[in-house]
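Undergrad: Sequence:
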Amino acid sequence: MRGVYKSQHPFVWFEESGWWFKVFGECFGPYPELPEARYNLLVIQGLSQQLRQAIAK
Numbered sequence: 119m120r121g122v123y124k125s126q127h128p129f130v131w132f133e134e135s136g137w138w139f140k141v142f143g144e145c146f147g148p149y150p151e152l153p154e155a156r157y158n159l160l161v162i163q164g165l166s167q168q169l170r171q172a173i174a175k
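Take any residue in the sequence shown, note its place counting from 1, add 118, and you have its number in our numbering.
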């Protein structure tokens, strides 16, 4: 049986106002350039990983 798969992986998309990404259930944007959106997504993912590691200690 196939169900509706809700992606848990963040992705970047373009709308009229610029580039956006969604992570942790929140949308971030618009960014004028795709590299800027990707960079900020990586920053948020890195901070999240550091926070998880700090909590685990």
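Derived from the structure by calculation, the hints contain no laboratory data.
Don't take every hint at face value.
Claimed, not checked - Restraint-style ranges between C-beta atoms, simulated for each label pair:
(1) 151 - 175: 33 to 43 Å
(2) 129 - 165: 38 to 48 Å
(3) 135 - 175: 33 to 43 Å
(4) 175 - 150: 31 to 41 Å
(5) 143 - 173: 11 to 21 Å
(6) 175 - 136: 32 to 42 Å
Virtual Cβ for every residue (Gly too), placed ideally from N, Cα, C.
Undergrad: Run through the hints listed earlier and report the numbers of any the structure violates, in increasing order.
TA: 2
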